[in-house]
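Enquirer: Now for the letters of each chain:
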Amino acid sequence: MITLNKVDKTYHRGANEVRAIRGLNLDIPSGIFVVIMGPSGSGKSTLLHLIGCLDTPTAGNIELDGTNLSHLSSNKRAELRARKIGFVFQSFNQISNLSAVENVELPMLLANISRAEARRRAQAALEQVALGKRINHRPAELSGGELQRVAVARALVNNPDVVLADEPTGNLDTETGEQVISLLKQLKNEGKTPIVVTHNPEVATIADFLVCMRDGKRVESLERMKQEVLL
Amino acid sequence: MSFNLTALAWRNIRSRQARSWLTILGILIGTMAIVTLISIGTGVENAVLRQFKDIGLDVILLTPNVGVMQHTAPAGIDIGMADQVPSEDLGSNSLSPLIPTKSDLDQMAQTENGDFDTTRLRSDVPEVTEVGQVATQVLPVAAGNLAGFIRVMAPSQDLITQFPGLLGGFEVAQGHGLDPTKTNEILLGAHTAQEMGVSIGETITVGGTSFTVVGILAPSEEFREGLRSDLLSGQSVEVFQALANTDDAVFILYRQAIDLWPNQFMSSIVAIRIRSGISVTDTIAKINTAVARQGLSMTPISTQALADNVQKTLGMVKIVLTSIAAISLLVGTVGMMNTMYTAVLERTREIGILKSIGAKDRQVLGIFLIDSGLMGLAGGIFGLAIGVGVSFLGTSILGQWMGVTTFLPAFSPWLLVSVVWFSFVLGALAGVWPAWHAARLDPVRALASE
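If you read the sequences in order, they're chains A and B.
FYI, the numbering for the first sequence is 1 to 231, going by the working numbering.
FYI, the numbering for the second sequence is 1001 to 1450, going by the working numbering.
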């Protein structure tokens, strides 16, 4: 269960103050497929970063399975990311000079898992996303869809409870995008909570739980959000 | 944990080979320079100390304070130049600086034959157990059709038997040594014999007196190599250098030289060995008094003190040279710091990725520190290996230039271990600031960077 209670996030860019999240309250049950939608600048990526312990709220509390994330040290947040959270990014975020299997190994090496075990699990994870024959290829040698599947494999190797995907289909064609979304949705069957930020309304239709964002706040429905955008 | 971080750091180095090698090169050059200079410097030091040990570190040497006793200019045989050098008037100042002036001779005339009296020293200073002396003069020489000037060295029998190290080992290669019971015997230095073209049993004329060649000495080159360094200085060492060169001289016994040419031969060096357990400082004071009583001006110095002085001088030179090499290592380190900082800037997004998948600040710090430390270590190891090679090459070239063959660089285990360890530490230090900067990066901003 992820709980947000009156969460605020304000950025300071020079003299300007940007309120990315404003008093957000949210309860996300575990084991469901969550979709976050909203126009650019609505605060959806910031929300994802806050849930994923990459950032801390300016005010309010965020709890993940009973743990308050708001006041954790940098190290504790890193530990949580390593144990409980997996990330998938729009731009794949692979390390260019490492092969697919080496990229997937990374979270395990950082979690102090032996190199042999990390290699075995990384290969298994890549086979799970149908990339068993591409494990030694570097990012430059892989297609967008393959890169995103490597990212999904990397997000899953440490068996996280929550998988956060920030516009994972943004750089993919429709068919490949659907494959990636399908892959993410299946994770709920394993008891995980996939949370996907997307602009694609079709993805919203298959969500178990939809969060529509507008100006740092949650709006009630997709229709309402669309209306507000049009207004 | 650190093993995994090392693996990650190694992957970084491996994936940026060109840049890594260029960074390593900076440390490599500095390490190589330090290894080369220290090992060659220590090699010179060892060679010099070996020479002193051959002479004996329990010896006190008396060297004259007048210029006439210095024989740094190679005398050799100067065939065909006889008419250019006056040979009669030894009191004239127009002579070669190797020939004593009248005032020098007046100063010496206060003792029997104008030279140091070893018998008087024995009676004045009972602590003296052995004493030998060698006197030197440049005299006209004639051998067959050849004529010229030659350096005539007149060691006492005691000096030959007790202090051969002072005369380059004084090893007779052909014939036999000088017999104190016989007169008009002469030994030739290796080079002199070759130049003169005379062999055992033949007669040569020195200073108007005929001598029979009874032996030819082995080359003294290897023996004196330790003293040939241009790094050495000081009157005592210069006298040493000249005495140890027996190749370009002829030898007669001291007693005969004094008998034949009274007042013309003066001791270049008097070697004294004292009873063991006696204070060197106190004995030197007594020797000083004894020398003054003979009306001579000579400076006593122990070989130990001389060796210490030489070692001190060489040590200073080594420190200066090593400091210069250390500057190049410092430049290499700054270069590495620059590379690491640039790497952090270039890899900002990568750092963001690492943090997003669970890397702690100290893990990011560790990866960059190990990265730079490994490059420093590689620079140290390669620099050491190349430095060893360059040292051997350097001593070989230096040896040829100096005319010695067995001069080798010296590598202490301390040097080998510390240089590699120091390179690793320096490399890691170069990475501290960039690594700290990387560890402190905000993951969200790092991920957003291009």
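What the hints contain is simulated information worked out from the structure, not anything from laboratory work.
Warning: the hint list may mix true and false statements.
[What the hints assert, rightly or not] Negatives, chain A to chain B, calculated, CB over 12 Å: (1) 8; (2) 25; (3) 45; (4) 82; (5) 109; (6) 160; (7) 179; (8) 189; (9) 208; (10) 215.
[Said to hold, decoys possible] From the structure, some residues in chain A lie toward chain B, with a derived Cβ separation under 10 Å: (11) 22; (12) 23; (13) 49; (14) 54; (15) 158.
Heads up, the beta-carbon is just placed ideally off N, CA and C, and yes, glycines get one too.
Enquirer: All hints are to be evaluated individually against the structure, with a verdict given for each.
Expert: Do the hints match the structure? See the list:
no., hint, result
1, 8, "holds, 16 Å"
2, 25, "holds, 22 Å"
3, 45, "violated, 9 Å"
4, 82, "violated, 3 Å"
5, 109, "violated, 4 Å"
6, 160, "violated, 10 Å"
7, 179, "holds, 22 Å"
8, 189, "holds, 23 Å"
9, 208, "holds, 25 Å"
10, 215, "holds, 20 Å"
11, 22, "violated, 18 Å"
12, 23, "violated, 21 Å"
13, 49, "holds, 5 Å"
14, 54, "holds, 5 Å"
15, 158, "holds, 7 Å"
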